[in-house]
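Here the protein sequences come in this chain order: H and E.
So the first sequence is residues 1 to 229, counted in this note's numbering.
So the second sequence is residues 230 to 458, counted in this note's numbering.
Don't read these hints as lab results, they were simulated from the structure.
Treat the hints with care, as some may be off.
[Said to hold, decoys possible] With a straight-line Cα cutoff of 20 angstroms, these simulated SDA-like cross-link-like pairs (lysine to any residue) come out: (1) E:Lys335 <-> H:Lys38; (2) H:Lys106 <-> E:Lys335; (3) E:Lys263 <-> E:Ser288; (4) H:Lys65 <-> H:Lys106; (5) H:Lys38 <-> H:Arg48; (6) H:Lys106 <-> H:Lys71.
[As the list claims (entries may be wrong)] Label pairs and their in silico Cβ distance ranges: (7) H:Glu138 <-> E:Ser288: 19 to 25 angstroms; (8) H:Ala203 <-> E:Glu395: 33 to 39 angstroms; (9) H:Ser143 <-> E:Lys300: 25 to 31 angstroms; (10) H:Glu169 <-> E:Thr399: 47 to 53 angstroms; (11) E:Thr302 <-> H:Asp144: 53 to 59 angstroms; (12) E:Thr399 <-> H:Gly171: 47 to 53 angstroms.
Think of the CB as a built atom: it goes at the ideal place given N, C-alpha and C, for glycine as much as any other residue.
Protein chains: 2
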Amino acid sequence: MSVITARHIGFAGIEEGSLGNKTWADPGASRAEKRDAKRRAVLMAGARLFNDQGYEQTSLEDIAKALSITKRTIYYYVQSKEEILFGCQQLGLEFLGETLERCYDKRLPVLDRIRLLISRYCAWVCTDLGACAPLVREVSLSSDRRRELRAGRARLDHLLRDMIREGMETGEIRECDPRLMASAIFGALNWIPYWNRSDAPSAPDQIAEAYVMMITSGLVPGADCAQGH
Amino acid sequence: MSVITARHIGFAGIEEGSLGNKTWADPGASRAEKRDAKRRAVLMAGARLFNDQGYEQTSLEDIAKALSITKRTIYYYVQSKEEILFGCQQLGLEFLGETLERCYDKRLPVLDRIRLLISRYCAWVCTDLGACAPLVREVSLSSDRRRELRAGRARLDHLLRDMIREGMETGEIRECDPRLMASAIFGALNWIPYWNRSDAPSAPDQIAEAYVMMITSGLVPGADCAQGH
Chain H
1 MSVITARHIG FAGIEEGSLG NKTWADPGAS RAEKRDAKRR AVLMAGARLF NDQGYEQTSL
61 EDIAKALSIT KRTIYYYVQS KEEILFGCQQ LGLEFLGETL ERCYDKRLPV LDRIRLLISR
121 YCAWVCTDLG ACAPLVREVS LSSDRRRELR AGRARLDHLL RDMIREGMET GEIRECDPRL
181 MASAIFGALN WIPYWNRSDA PSAPDQIAEA YVMMITSGLV PGADCAQGH
Chain E
230 MSVITARHIG FAGIEEGSLG NKTWADPGAS RAEKRDAKRR AVLMAGARLF NDQGYEQTSL
290 EDIAKALSIT KRTIYYYVQS KEEILFGCQQ LGLEFLGETL ERCYDKRLPV LDRIRLLISR
350 YCAWVCTDLG ACAPLVREVS LSSDRRRELR AGRARLDHLL RDMIREGMET GEIRECDPRL
410 MASAIFGALN WIPYWNRSDA PSAPDQIAEA YVMMITSGLV PGADCAQGH
């Protein structure tokens with residue numbers, strides 16, 4: 001399977017409606033650039049169908065049809081449905097790349113880093129490509145792919161747990177179970193594609209802001225003040 | 230489809246490992262009671278297989294085999310896989326029945342009612358029967374069943390939104406968007422079956438307590454106190 005690197009991904013190009021993106025049509029683009037742009041279009045068409053009609057209910061043929069190409073052509077870009085799902089996850093890690101780097105940088109305030117991870121992850125699961133990982137169950141995948149998907153998730157999960165732990169040490173975050181807190185936060189975020197895929201979706205920024213408020217300050221105003229904080 | 234009523238459900242009977250439950254074996258049980266107990270066993274075996282290996286990957290034949298009965302026998306209890314999924318959801322509403330009644334009773338403090346709904350819903354999704362609704366995607370269902378599943382979810386969602394709105398009016402809950410808050414809370418809860426189905430699961434009480442803490446008070450101690458709360 002070919003590996004997608006940051007060089008190949010113009011992130012403007014993974015937004016909605018960019019199937020006919022510039023690179024594809026650009027006469028100045030190299031053959032490799034055009035191939036990567038087309039592969040990305042295949043991932044996007046696949047993700048969209050998985051999200052709309054289900055992973056099991058979608059065949060490579062359906063995806064080819066959605067792109068008006070033959071099944072033979074699609075095999076030039078991907079070998080299987082699983083590769084599409086896995087490719088989307090790789091794009092997700094690329095999308096979050098800069099965010100992850102900043103999250104590992106302990107010179108930045110830990111709460112800022114947590115807020116950043118939440119809002120960027122929220123933006124990602126609100127795209128077609130980002131929605132398909134939470135929407136497709138692991139049981140649909142071969143054990144190899146399942147391991148890779150789990151490893152990607154575990155990496156993010158551990159990053160968030162580590163930041164929560166760090167905040168507990170500095171007193172910026174209350175005593176809590178970082179594993180359960182990370183599960184609640186990623187749970188809230190991973191569930192977004194289950195309810196926000198409508199004709200009038202809530203904007204990712206609006207969702208992220210509301211979620212960050214609840215996660216950091218809670219629903220009850222001044223819950224702690226009586227205890228002398 | 231037969232309708233399950235509270236009369237038919239001994240809730241001790243829907244916990245793990247209760248497939249050979251008392252009613253089934255009780256020589257004093259009526260024919261109808263025995264049939265209901267067996268139907269519940271069919272739902273439980275179905276839910277367990279959906280959760281472990283996926284809804285699409287499970288046939289009625291697999292469920293019959295897991296119960297050591299014939300496919301012909303299983304049709305005496307359910308007509309389809311969908312009926313199992315839907316039956317589980319009905320059991321969920323029964324399981325939450327008393328909780329829902331208390332949530333509608335405005336004489337009780339609204340925060341207590343919200344806490345109660347969170348911890349009971351958490352207990353439900355931690356059972357095999359309760360896990361299958363969040364784990365099976367709506368796209369797997371016929372449009373009729375999808376509508377019913379959505380209606381059940383919407384009922385819970387609106388109950389929580391209404392309680393949040395009520396708390397905002399009394400000042401017990403800060404100004405927020407009740408729709409987004411309810412989506413974050415149910416998201417965190419619905420995601421539990423995705424990570425807590427292991428050999429050593431976290432206890433529902435422990436999860437609920439941690440989630441309630443985050444949802445009500447947030448991760449940041451005394452976040453509001455500086456603002457004069």
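What hints, given by number in increasing order, does this structure fail?
Hints 1, 2, 3, 4, 6, 8, 10, 11, 12 are the ones this structure does not satisfy, whereas the remaining hints hold.
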